[in-house]
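Based on these hints, arrange chains B, C and D with the ligands on the given structure of chain A.
Single-letter residue listing:
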Amino acid sequence: MNEKTKNALLSIVASLVCIVIGLLVGFIILYCINAENAVDGFTRIIKGGFYLKPKGIGSEIAQSAPLIMTGLSVAFAFKTGLFNIGAAGQYTVGVFGALYFAIILHMPWYVCLLAAMVCGAIWGAVPGIFKAYFNVNEVITSIMFNWIGLYLVNELMYNTIPGMYDQKTTRTYKLSSASPKSLIPDCGMNSIFRTSSTTIAIFIAIAIAVIIYIVLNKTTFGYELKACGFNKDAAKYAGINEKRNVVLSMTIAGALAGIGAGLYFLSGASEWNPQVSTALPAIGFNGIPVALLALSNPIGVIFAALFVAHISVGGAYLPTKYYQPEIADLIVAVIIYLCAFVTLFKGIVANLFKSKKEQKANANADNGKEEKK
Amino acid sequence: MFLLIKFTLLYAVVLMLVAMGGMFSERSGVINIALEGIMAIGGLAGVFVLVLFPDLPAPALVALSILASAVSGMIYSLLLGFSAITLKADQTIGGTALNMLATAIAIVLVKAFNNGSDAGNGAASAKLNYTNAAFIYKIGPFTVNIFLFIGIILLICSYVFLFKTKWGLRLRACGEHPQAADSVGINVYQWRYTGVIISGALGGIGGFAYIVPSVTTWNFEVGVAGAGFLALAVMIFGQWKPFHIAGAAVFFAVFRSLANIADSTVLSHLGLSKNIYSMMPFIASMIILAFTSKNSQAPKAEGIPYDKGAR
Amino acid sequence: MENEYIIEMLNITKEFPGIKANDNITLQLKKGEIHALLGENGAGKSTLMSILFGLYQPTSGIIKKNGQEVHINTPNDANDLNIGMVHQHFKLVECFSVLDNIILGVEPTKGLFLEKKNARAKVMELSEKYGLMVDPDALISDITVGMQQRTEILKMLYRDNEVLIFDEPTAVLTPQEIDELMKIMKNLAKEGKSILFITHKLNEIMEVADRCTILRKGKYIGTVNISETSKEELSRMMVGRNVSFSVNKKPSKPGDTVLKVEHMTVPSKVHGNNAVKDVSFNVRKGEIVCIAGIDGNGQSEFVQGLTGLEKVSGGKILFNGQDITKASIRDRSKMGMSHIPEDRHKHGLVLDYSIEQNMVLQRYWQPEFESFGFIKSKAVREYAERLIEQYDVRSGQGPVTITRSMSGGNQQKAIIAREIDKDPDLLVAVQPTRGLDVGAIEYIHSQLVAQRDKGKAVLLVSLELDEVMDVSDRILVMYEGELVGQLDPKTVSVEELGLYMAGAKRDPVPEEV
Amino acid sequence: GCGSSNGSSSSDASTGADSTSATSASASTDGEKKDAAGEKIAMITDSGDITDESFNQITWETVCAYGDANGVEYEYYKPAEDTDEERINSIDLAVSEGATVVVMPGYLFGPAIAEEQDTYPDVTFIAVDVTEGDIVKNGKAVDLGKNVYICSFEEEQAGYLAGYAAVKDGYTSLGFLGGIAVPAVIRFGYGYVQGINAAAEEDGVDVNVKYYYGGQFYGDDSITARMEGWYADGTQVVFACGGGIWTSALDAAETHDGKVIGVDVDQRSKIGERCLTSAMKGLPSAINNALDSYFSGNFSELGGTAQQLGLKDGDYIGLPTDSESWGFTTFTQDQYETVLAGIRDGSIEISSDTENQPEVGSHVTVDYIS
Ligand SMILES: Nc1ncnc2c1ncn2[C@@H]1O[C@H](COP(=O)(O)OP(=O)(O)OP(=O)(O)O)[C@@H](O)[C@H]1O
Ligand SMILES: Nc1ncnc2c1ncn2[C@@H]1O[C@H](COP(=O)(O)OP(=O)(O)OP(=O)(O)O)[C@@H](O)[C@H]1O
Ligand SMILES: [Mg+2]
Ligand SMILES: [Mg+2]
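Line by line, the protein sequences are chains A, B, C and D. First residue of the first sequence: 1, per the working numbering; consecutive thereafter. First residue of the second sequence: 374, per the working numbering; consecutive thereafter. First residue of the third sequence: 685, per the working numbering; consecutive thereafter. First residue of the fourth sequence: 1198, per the working numbering; consecutive thereafter.
These are calculated hints, taken from the structure and not from any lab test. Keep in mind it's a predicted model, so treat the numbers as computed, not measured. Check the hints yourself; a few may be wrong.
Said to hold, decoys possible - With a straight-line cut-off of 25 Å between C-alpha atoms, the simulated SDA-like cross-links for lysine to any residue are:
1) A:K236 - B:S666
2) A:K218 - C:F797
3) A:K181 - D:A1338
4) A:K243 - C:D1015
5) A:K232 - C:G1020
6) B:K539 - C:W1049
7) C:K969 - C:Q1131
Next up, chain A with everything else stripped away, as it sits in the complex (with noise of 0.2 Å):
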């Protein structure tokens, strides 16, 4: 068995024991705070969409779109050496592009869908340079610009473009009504799960991913990407813009994220409300998880994604009168910070079964050193 399939084995067990023990202690959990109703409630969330078919799958489908896409974000930056907490923010300006361009120009859902990628690589830019040319850390700079984000999409929507916030919602208008035009067919599939946004958007996740995954492994680009991501020193060397790479990982993660929110509001799933300014949008903080599961394998982040939303989705069904809705976030929060540790546990499985062939691999390189001598 070579290195690679190896590693993509360990990464897998790896990942999996992080659920496992998540969901362990998520049950440990019900179990304290209403012991009867515990296995009930477990099942509920592992049964996640499927315990309401088909309309809990469909939307649980709608909703692993944009976290496929906030996970990519997050991973692709990984893979770069950039942590990009800014995905949140990212996601909240690609709304306003997708609504601007749907509700205000009645363009066409992909044009809207590009509007949003704009505007979400405009916003993953700025920390970029900020990196790159103030050496800030992008980390601050990305939660920053999550808060001035949120602020700004607000006001935009709500105080300075007429014709976006509908006072009767209290949310932006409906596209249905707005502009049917602007939403993502749904190629049937809402009749399917008897839902009004399960649309092609996942499809159109998945095949970015794969996107992403052949850049990242197959092309000059992605090796340069990666080269920074691993040593930045060397990639200078090399001859590679370090600078720019950053800029542009940075840019194209906040692209990704963008497109995540064009996905969500231009499927018609939500509409957004200018309003509440306390809080960032989930799916863009869910994000960081999601990537951390799938240690940052683009393929990875699609199962990943849809685990997260599967078990969000289902947490939605525990029974109100034993379990408060936050339980499930708190158990996601849970197994987040299990995958905090999903490097970690994969080290300790690799130990297991590394330590004999690196002695070879010493060895003949110690045996080459005699026959030469």
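Frame of chain A; chains B, C and D with the ligands shown alone:
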């Protein structure tokens, strides 16, 4: 005007305390993104004390609640220490996870508490109300809260500890060159834990100082609304030095208070919306960071897990 | 005569994942003696000393002090046993003052607070007594390597250590400074201190040591009295064969100029003024020009300026007649400049990439390996396999081995292969043999000479005097960022070279030869 | 048992007249009575939580009280996301778990009702704060099914009363602190301004009003700070109109000796003697009536209708008149009665327009803070 001063002091103390917390952690070599979460936990613990023992004598209540916030902050920060120091996991990621966890924990605890307290059926809110009279003093036209004094004392203590005691010397050595510290018999792990735990205490008190003097009801669904992150910016702006941090804190606090009371000052004529004002401190800090961190004094070994074996 | 030995390390074995750094080694140190520890790179010297100093725990074996078995689990224990160590890589906190570094760990306090007055007095007294001149208030980042080392020694003396370990202390010093150190060590020994002294340099051992223990590939070879042995015997014990100390090569026949540097000036990262000052010289086809000098005299900055890693603040660089002063790193590489970097881990390799990925680090973008933005993985694989074969780079799984898992020697070979195979007009080699064993060193030297004989230009930057003397055709000495002399290795003596390196001697360097 | 940490109990949540009808499922005439056993009341929350101290909480508490009084099972559901789809899913979930009556607070449920009323013809839907205009299915308004009863309130009347009374009581510097600017809140606020205007014009006194939406249904430090700014700047009374947001107004009022006007229910019990009065709307009574008519088998009367409940329909709107809740000094109960009468017979007309701000006379200056 008096109001502006009042709120500036109020926020400045909070930001200063938390930023100094971050300083201790990073001086020992551990980046502490988790301050936001630590604040929430510390605030929660303190408030719980206020709710549970409302009829303690004021001084005892103040002391006990502040102690509770500090201790809970320490305990929560241990989670960061465990992941970052013992398990050598990525510090930023661990911190982020702790932030997400903190709000969830706070909500669940408060709701469980409210449920228990009136045998409700899930209708319990994530809010706690309490009285804060014991914390607030009127000096002439000024209203100040006890945390102002605590803050000043802790500021001086921090400075002395960091630059005038052997512990400070050792702590800083661990953040700058852990191998060197190790080679002269300083236990790097132990000192990094110390740094993280101190940051937990300051963060916890900071969270409590943020919640209690300003209102008598707190909705724990919002955690501490980004104050912890702002404190991180304050710390960088303050170049990891106590008194610089204090200055930076005041600077940010002015913006924050203006955002809230602008419409009852001359600024009301500008007719700027609250969104604009809320943006200001963040934009200001970005600009400042851009200029300051070119020659940043960040501890050299911060963010790098220390591994004895590695050469 | 119970315990004539102050320290005894008996049957010490230390294993690291995949390697036995020490294999059943016994070392006995007499009171008041200077005991040399000799061995190739990677022989296990530092490891053994690290064990004595409590940084590593031995896999097996025991340590005795004055006959009693002791357990040294931390440097603290070592300190308590009055054992001190000057490390191969200094362990000083850059942004602390000399004094703070000395007292770190044993800080004198009055009540809760630091109390440095007496400490300063004691340090000054010690530096008087042993002639260790330091400025107690200077920041480490601002002082010379020599003073940093004196600080390290004072660290030990301040702790009243009686067993002093020096790990390759002379590697960074000029012959003059070395003589200084030798005197100091003799002094210390006279004062009753017992000294363990690691070095690669036999004549140093012959000069100061009383006895010498030799290691090879982690194994104990033997302990000899210096009075009863010779350099030749020592070296034979060290490498297990007769070593030819000099590289055999034909005289060079230089062609026309490849590189011409005019008045180059490079600002410094650490201190305010320039690291490289108004340097001018040229390099011609078919010669190996060596820039000699003590670590930290601007060689690194000079190379960074030359290869484009840093901006030069003044002067001109002409490469094959073209001005490349402002050219990008990539362009310089395209024009035929190769660079074997000083720090293989920082610049030379992406340690988390596989060998094959590292092999194309300088040329992945060339049509040979890229089409429409995609990497031709097959071409890369074949190319890597060829180089691995040709330069015999050894590793676990061939081309897909993650570079981090390789030994330093093979990592270095991979870099050499990559850079030489570019078939450059100019090969800039910075300490190409650093941390490698004799076999690898011989091989790399022969490769450099081969380049020269193919009519290429080679610019070698080295700290190792022997390397400088053996390999180069022309020596340029750099001192405090300036070229202070151009010497002919065939005529110049090591001592004279040392005087130049120390700045004690200097004469103008012709821009053109 | 029902109740919550700081929510009001359903008894003081219902205004005057309806307190009779609150728990009288038995007091029914024709139509065969439903047997509580097989029945289940489900409540779905809108974007808020059942602890918002606003219509979600009041609805929930009313449902609890009703269920307990009549031995009917009840439960609430919180949609996973703030989307129509998830609201619909929640209804599905509720029905799949045996709900026969679904109670929903808030205009957000319009599309969900439009969707589900046909899906579950034999489930009864009761929605408050919903208008016919809200019942839209992909862009087009649809008419109510027989199994649906929706109602909204003329909050502007309550706001009007509060504002009018405050000015009549001699206050000349007032404030309005809304929660999220939802239609109901806006109607309260604009009514408040209209009432202030009317009183100011009558007495010819100059009145200034600060008008602001907090954007949330709970108080926090920044809103408290803002309120302190207001009171310090001379504001005497603040109409805290948005769930739990009153805590911020009260905190500030305490430090600067100001007054607070409560909303939805008589909040005297919560706010204390700083509570000048409360602008009440009969959310509980409306829900109780609907539930009554369902369980007494007369739902056909209400089914398919959309009511606009105001003073003309009964005591759905008003200020608390019992002595300890009556915080006014110069404003008398008689004056209050005359205004009520005026509104009832339409001689006083109050605009319910939420699109544009009410125009005011020369005596009143309103400072709308964005
Ligand atoms: N931390 C470590 N982890 C793994 N292997 C190590 C470690 N330290 C040393 N080694 C291995 O042990 C061997 C001995 O290393 P050591 O540094 O003691 O050699 P040395 O004689 O000091 O070489 P040098 O002359 O370069 O200092 C080396 O070959 C190295 O591969
Ligand atoms: N982390 C490590 N793990 C295993 N072997 C190592 C490691 N680092 C160095 N070595 C080995 O130790 C020997 C000396 O290596 P190297 O020169 O890189 O370390 P060093 O002596 O600290 O560096 P330098 O010689 O530049 O001071 C080489 O044989 C190298 O293979
Ligand atoms: Mg060594
Ligand atoms: Mg070495």
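How the hints compare with the structure:
| no. | hint | verdict |
| --- | --- | --- |
| 1 | A:K236 - B:S666 | 22 Å, holds |
| 2 | A:K218 - C:F797 | 60 Å, violated |
| 3 | A:K181 - D:A1338 | 20 Å, holds |
| 4 | A:K243 - C:D1015 | 17 Å, holds |
| 5 | A:K232 - C:G1020 | 23 Å, holds |
| 6 | B:K539 - C:W1049 | 54 Å, violated |
| 7 | C:K969 - C:Q1131 | 16 Å, holds |
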